[in-house]
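Note that the working numbering has the sequence shown beginning at 2, numbered continuously upward.
Worth flagging that the hints you see were computed from the coordinates, not collected in a lab. Cβ coordinates follow ideal geometry from the N, Cα and C atoms, glycine included. Each hint should be verified, as a subset may be incorrect.
Restraint ranges, calculated between C-beta atoms of paired labels, are given here [unchecked claim]:
#  : residue 1 : residue 2 : range
1  : GLU45     : LYS262    : 33 to 41 Å
2  : GLU143    : ARG239    : 24 to 32 Å
3  : ASP260    : ASP169    : 39 to 47 Å
4  : LYS6      : GLU143    : 44 to 52 Å
5  : ARG239    : ASP260    : 29 to 37 Å
6  : LYS191    : VAL53     : 45 to 53 Å
7  : SER4      : ARG188    : 17 to 25 Å
8  : LYS262    : TYR237    : 29 to 37 Å
9  : PRO152    : SER235    : 58 to 66 Å
10 : PRO150    : VAL14     : 24 to 32 Å
11 : ALA35     : ASN145    : 21 to 29 Å
12 : LYS262    : PRO127    : 16 to 24 Å
13 : GLU148    : PRO127    : 39 to 47 Å
Each computed DMTMM-like pair below joins lysine to aspartate or glutamate, with the alpha-carbon atoms no more than 20 Å apart [what the hints assert, rightly or not]:
#  : residue 1 : residue 2
14 : LYS123    : ASP260
15 : LYS30     : GLU9
16 : LYS123    : GLU253
17 : LYS30     : GLU148
18 : LYS30     : GLU193
19 : LYS123    : ASP169
20 : LYS170    : ASP185
21 : LYS123    : ASP166
22 : LYS18     : GLU193
23 : LYS26     : GLU45
24 : LYS92     : GLU143
25 : LYS170    : GLU9
26 : LYS123    : GLU24
27 : LYS30     : GLU45
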Amino acid sequence: MDSSKLQEAQHGVNLLKRANVGERKPLLKVLLMAYGRTGRRRHELMLPLLPVAEQQQVLEAGASANRIEKAGVGDDGSVPFEVGAPPRKRKPSAQDVNQGDWIPYAPALTPQLRALLQSQIKNPPPNVVRSQIRRLQPRIEELNSWERPMPRCRVKNQTKQWYADTLDKVQPPLPSLEWHRLRDLARGVKSEPVVLRRKALHTSTRDPLEMIAVGGQPSGRTLLQHRSAHTVTSRYMRRLWSLVFSQCPLMEWNAEKADWKVFWGQDELQGLQRHPPQDATSQPQQLMGGD
């Protein structure tokens, strides 16, 4: 096995061990990965928001780190055109990009992604793992230090960087059933059974001094192991569920207005006293499937 893969596996095992004893940071990290706020699951949830050409490239390349941000943008800044897109005679300038015309430097935003970005800017979720999105389009200087038009190679690079940074800050929507289940966990309506830790079958009866004499003096890292352990109670987990849920959106298609509506977990938690809970089975059509 590759040493890097072995090290990654050991890191994952240690993370799960620390989460299992109730350490807050490791446990929160596991929950964030499970609900697609970080890691491979997030890349999978991002796919429905991307253009078809990008989805295919992400699937072929695999959902490894930063693949989504880089997919669809070639080394030369070119992006595969959608079917039926008219050919360009020249590449856009900084002024064109600032006005929203950045193809072929970066893909156009899909209606789903644009609606989600607009909602995330208007209702920024807690800044736990990702910084806030400030704007929907690049802002590039039109003149360089010589008061000449910005070279298109720099415009291309800055546009690619903006697109990658924007995708990196997106909080993808959860499937409807999963979003409502997480909401109930955060509210305390539902709860996960707390599994008691199994005790070791073989416990040592040797004197501590004898153990030091045989095994040597333990390191500081060993002595401080699980120093942040916490008893995993329903109340403790509910706080973590709430923190994760506050970062999770749900997207629904509004047939009357023919647009996407975005609901955020943080708004749901803040409005519990004003609005009665809704049944997940009575929701309109969602962007993400319930499976």
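Okay, the hints, checked on the actual structure:
{"no.": "1", "hint": "GLU45 with LYS262: 33 to 41 Å", "in the structure": "violated (23 Å)"}
{"no.": "2", "hint": "GLU143 with ARG239: 24 to 32 Å", "in the structure": "violated (51 Å)"}
{"no.": "3", "hint": "ASP260 with ASP169: 39 to 47 Å", "in the structure": "violated (25 Å)"}
{"no.": "4", "hint": "LYS6 with GLU143: 44 to 52 Å", "in the structure": "holds (47 Å)"}
{"no.": "5", "hint": "ARG239 with ASP260: 29 to 37 Å", "in the structure": "holds (34 Å)"}
{"no.": "6", "hint": "LYS191 with VAL53: 45 to 53 Å", "in the structure": "violated (37 Å)"}
{"no.": "7", "hint": "SER4 with ARG188: 17 to 25 Å", "in the structure": "violated (45 Å)"}
{"no.": "8", "hint": "LYS262 with TYR237: 29 to 37 Å", "in the structure": "holds (33 Å)"}
{"no.": "9", "hint": "PRO152 with SER235: 58 to 66 Å", "in the structure": "holds (59 Å)"}
{"no.": "10", "hint": "PRO150 with VAL14: 24 to 32 Å", "in the structure": "violated (55 Å)"}
{"no.": "11", "hint": "ALA35 with ASN145: 21 to 29 Å", "in the structure": "violated (46 Å)"}
{"no.": "12", "hint": "LYS262 with PRO127: 16 to 24 Å", "in the structure": "holds (21 Å)"}
{"no.": "13", "hint": "GLU148 with PRO127: 39 to 47 Å", "in the structure": "holds (43 Å)"}
{"no.": "14", "hint": "LYS123 with ASP260", "in the structure": "holds (17 Å)"}
{"no.": "15", "hint": "LYS30 with GLU9", "in the structure": "holds (15 Å)"}
{"no.": "16", "hint": "LYS123 with GLU253", "in the structure": "holds (17 Å)"}
{"no.": "17", "hint": "LYS30 with GLU148", "in the structure": "violated (47 Å)"}
{"no.": "18", "hint": "LYS30 with GLU193", "in the structure": "holds (18 Å)"}
{"no.": "19", "hint": "LYS123 with ASP169", "in the structure": "holds (18 Å)"}
{"no.": "20", "hint": "LYS170 with ASP185", "in the structure": "violated (26 Å)"}
{"no.": "21", "hint": "LYS123 with ASP166", "in the structure": "holds (18 Å)"}
{"no.": "22", "hint": "LYS18 with GLU193", "in the structure": "holds (19 Å)"}
{"no.": "23", "hint": "LYS26 with GLU45", "in the structure": "violated (24 Å)"}
{"no.": "24", "hint": "LYS92 with GLU143", "in the structure": "holds (14 Å)"}
{"no.": "25", "hint": "LYS170 with GLU9", "in the structure": "violated (24 Å)"}
{"no.": "26", "hint": "LYS123 with GLU24", "in the structure": "violated (33 Å)"}
{"no.": "27", "hint": "LYS30 with GLU45", "in the structure": "holds (18 Å)"}
The structure shown violates the earlier hints numbered 1, 2, 3, 6, 7, 10, 11, 17, 20, 23, 25 and 26.
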